[in-house]
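For chain A, the structure is supplied; the task is to place chain B on it using the hints.
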Amino acid sequence: MNDPLRYVDQLAAQARKEAIPSVSVSDRVLMRIRNESPVSYGPLAWIAAGSAAIAAGITAFVVPLIQSMNSPLTAFFQMSLSYIP
Amino acid sequence: MNTAAMAIKTGIDTPMVTPNSNPVAGIIDDDRIDIKASINGDGEAYARLVRRYEHLISQQMWRFTRDKEQLEHLVQDVFVEAYYSLHGYKWKAPFLHWIRRIATRVGYRFWKERSRDTQYLDHGKESHIDSYPNPETQTPSEAAEYLYSILSDLPPDDRIVLTLLYFEECSTKEIAERLKWSQSLVKVRAFRARKKLKKQLEHAGYGRNNHE
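Same order as they appear, the protein sequences are chains A and B.
Sequence positions in the first sequence follow the working numbering and run 49 to 133.
Sequence positions in the second sequence follow the working numbering and run 947 to 1158.
If you're looking for bench data, these hints aren't it; they were derived computationally from the structure.
One should not assume that every hint holds.
[Said to hold, decoys possible] Which residues of chain B face chain A? A partial, calculated answer using Cβ under 7 Å:
1. Ala-993
2. His-1001
3. Pro-1081
4. Lys-1144
[Claimed, not checked] Pair by pair, the computed Cβ-Cβ distance ranges are:
5. A/Ser-99 <-> B/Leu-1131: 19 to 25 Å
6. B/Lys-1126 <-> A/Ala-101: 41 to 47 Å
7. A/Pro-91 <-> B/Lys-1144: 53 to 59 Å
8. B/Gly-989 <-> A/Asp-57: 43 to 49 Å
9. B/Ile-979 <-> A/Asn-50: 39 to 45 Å
10. A/Trp-94 <-> B/Glu-1091: 20 to 26 Å
Glycine included, every Cβ here is placed at the ideal spot set by N, Cα and C.
Next comes chain A alone, as it looks inside the complex (with noise of 0.2 Å):
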């Protein structure tokens, strides 16, 4: 028997016979069911409905402010006459 793959099918015909162990598992089956019960995103989706309207407002206010100061320097120099008396 010089071909390696012959050898491997009679050795697979003598290990299917072969008797197998067998487990119970229906308890923790159901077991594992309840306690990995799916995961709740109810909270989650509420800090991030908050988070989310936490920064619209931030924005809301920022935006507006962002675009009156677009030239710096304008803005640096109404600052400095604002100090001046």
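Relative to the frame of chain A, chain B by itself:
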């Protein structure tokens, strides 16, 4: 004896179609009732499904590990994964066929994770093959252990195809269905895997020191 029990006793994958089974899809009535109840949250119905198929699934998962403790974990993983996928069961094939596909994927994933974990440690590893016992003089368990160790030297992609071919005697079509690969991919992989296995055995001295 109902068809489910017959299938378990005989180990036949496709249960016989009897008045107690769905003649169209070959789905056992008991399974259909238990699957519907499980989807509706009946844990006891799912436990019945697990008890009906745990023996066949443990037979299948024994091809992925030779450790009994690990076997239990893998069988559990299969049924837990199946439970969360029950909504996706399309009632086209028997439940056993469907859960066998999940079992194959769980086992394949287990090998891939293990090979990722050990690839850095295994640099320059020696082959498991050092002698070639005569299969006829070996017990089935010894032969299975030996074949398992020979195949474990291959990468997971090759190993899964050859495991399904040698241990489970799956056809190309069955392997393709279980792995969600195309049949041509399975044929190519099987061809390459056999070639690799042959080369590996020859490299380890097969032919020089056969049947020690």
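Violating hint indices (sorted, rising): Going through the list in order, the structure violates hints 5, 9, 10 and respects the others.
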